[in-house]
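Undergrad: Protein sequence lines, in the order shown, are assigned to chains X and D.
Each residue of the first sequence is one higher than the one before, counting from 1102 in my numbering.
Each residue of the second sequence is one higher than the one before, counting from 1434 in my numbering.
Note that these hints are calculated values from the structure, not bench results.
The structure presented is a predicted model; accordingly, all values stated were derived computationally and were not measured.
Treat the hints with care, since some could be wrong.
Selected chain D positions facing chain X (Cβ under 8 Å, derived; list incomplete) [stated by the list, open to error]:
no.: 1; residue: Leu1547
no.: 2; residue: Leu1552
no.: 3; residue: Ala1553
no.: 4; residue: Leu1579
no.: 5; residue: Tyr1616
no.: 6; residue: Ile1619
Okay, the calculated bits of chain X under chain D, using three or more residues with CB under 8 Å as the criterion [unchecked claim]:
no.: 7; region: 1156 to 1169
no.: 8; region: 1200 to 1209
We put the beta carbon where it would ideally sit given N, CA and C, even for glycine.
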Amino acid sequence: MNETIKPGRSWRPSRFKPQSILNTLGLLVLAIIAIGWAIPMLWAFAVSVHPPDEPLSAANLWFGSHPTLANYAQAFEIAPFVQYYINTMIIVVGILSVQLVTISLAGYAFARFNFRGQNLLFFLILLQLMVPSSALIVPNYSTIRQLHLFDTLLAVMLPFFGSAFGTFLMRQTFKTIPRDLDDAAKMDGANWLQTLWNVYLPPARPAMIAFALSSISFHWNDFLWPLVVTNSQNSRPLTVGLAVFTQLGEIGAQWPLVTAGTVIVVGPLLLLFLIFQRQFIESFLHSGLK
Amino acid sequence: MTLRPRASIARTERRFRFGTAALPYLLIFPTLLFVTVFTLWPSLRVVYDSLFLQNQAAQTPQFAGAQNYTALFDDPAFRQVIVNTFVYVVVTVPLSVLLALVLALLLNQKIRALGLYRLAFFYPAILPMVSAATIWLFMYTPGYGLINVFVEFFHMPSQNWLGDPNLALIALMILGIWKQTGYFMIFYLAGLQGLPHDIFEAASLDGASTVQATRHLTLPLLMGTTLFVTTIAVVNAFETVDQIYIMTGGGPNNATAMLLFDLWQTLFSFLDVGKASAISVILIVVLLVFTVTNFIYTERRATYE
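When you get a sec, could you build the whole thing from the sequences and use the hints?
TA: The structure is reproduced here in structure tokens:
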């Protein structure tokens, strides 16, 4: 099959232009870079099934003589990865659920109400977009201490319950919905909550999904804040759990074990990405801001 | 419809109006509460705390004016942190944005296995940085790490990448570029797909070559994407911390310590609240210009889309 599109005699004459050489060269470069990009993950996969009793060396760098799942079994034994997964999921779902409520309410208020101080309040909320949360770990850590929430899942979630980006996104989306629909619902006797639920939220679904995916991916991957406010396996998410795992003295440089731990953390994520590649990429595009 | 007495209508209306007057404030209250407690108030508090000495030696805060700041800038270690951060930003941002553009241009044609290429370039973006850093810690292992295997293949000497003060920051930069280029690439791909076809047809009819069309049409038309991607890249680069924690701990010899890592270390290793607050203020001020640009761009995109 490949033969037919080779720059051969019977194919398009345009193929002879210098551009086609450029294209072929471009494709070659592209392929080389792509392989280079893929190798770190492929290598980590391979080494994670490398037999633990066979030392890694320049001559024996990949799967080893007989691939095994022993490293995975041992990784699960040493570190509570299941607990870490549960923690991460509670954190991610918890943050998102509260956010969806708060941003819908606030977005609705800013889109469809006129009230005194509206612009000032909107501006104050938007300041959250301009001050990175990671730069505020010093005072926020002491707030969490004062609230006696240190080393709890709530401590990891609390600072993110209000979202300026989400509020902004919902306000923009709600503004595109015709006011007539709103008025018609009110005429029918719907109160504000029914109006919000039946008129505003259904058309805002794509925006909410985009927001949800960006929120999930941000908090799934977040490291510094949970590192600061957690101190036990009861509240540690996967990211901090993996860091603790790789730095355990007993593990040292047992790379098959370390890579198995890494694959445990990223495997499901990669699998989901493979299945929903298009949705992932689109949501990244739509959200823009992390 | 039944007629109601006038007074009752007036009462309902008044109640309705009162309800509507308070309602928007109630609706924004939860958001405003969390933003106030975890963004607005702490922003003021870091500025305030940065003016006080508060550390192991001074348990009760003592007013110190700009002393924390002058102490920081007098400290060669902190000046090194500033230099590291700026070098990292100035190198990784243009390189990854440029590479992302090149990859997008190469992928924006009819080629086979497009999905596979996109997957290869984009997957690092979805990995948590901690996992990516763990993998790259392994890549840089002295002896049999793949980077050294690769280097030796070209008959160059094997290196202790993360242990050599001259190489460690470069090693982190390579990881940074690998991790985020695919993410920027998809913005360029989307930008390319949104370009108007007729302009390019006209250019091609006028005898413009692909190179000319790229230089004079594609690149200017993608300026918006470039601005957007660059501001995200700059903000992310200034916030680099996870991989430093995992791979180098800021070493060797402070060679890879950057602002956010230094902030964390000042607070949790040196327990110096005053200095850590001063570093926070510096970080916020440095980032402000980029976050504001990013915000204005997002608003414009949201408004005109």
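Undergrad: Hint by hint, note whether the structure agrees.
TA: Verification of the hints:
no.: 1; hint: Leu1547; in the structure: violated (10 Å)
no.: 2; hint: Leu1552; in the structure: holds (7 Å)
no.: 3; hint: Ala1553; in the structure: holds (4 Å)
no.: 4; hint: Leu1579; in the structure: holds (6 Å)
no.: 5; hint: Tyr1616; in the structure: holds (7 Å)
no.: 6; hint: Ile1619; in the structure: holds (5 Å)
no.: 7; hint: 1156 to 1169; in the structure: holds (count 4)
no.: 8; hint: 1200 to 1209; in the structure: holds (count 6)
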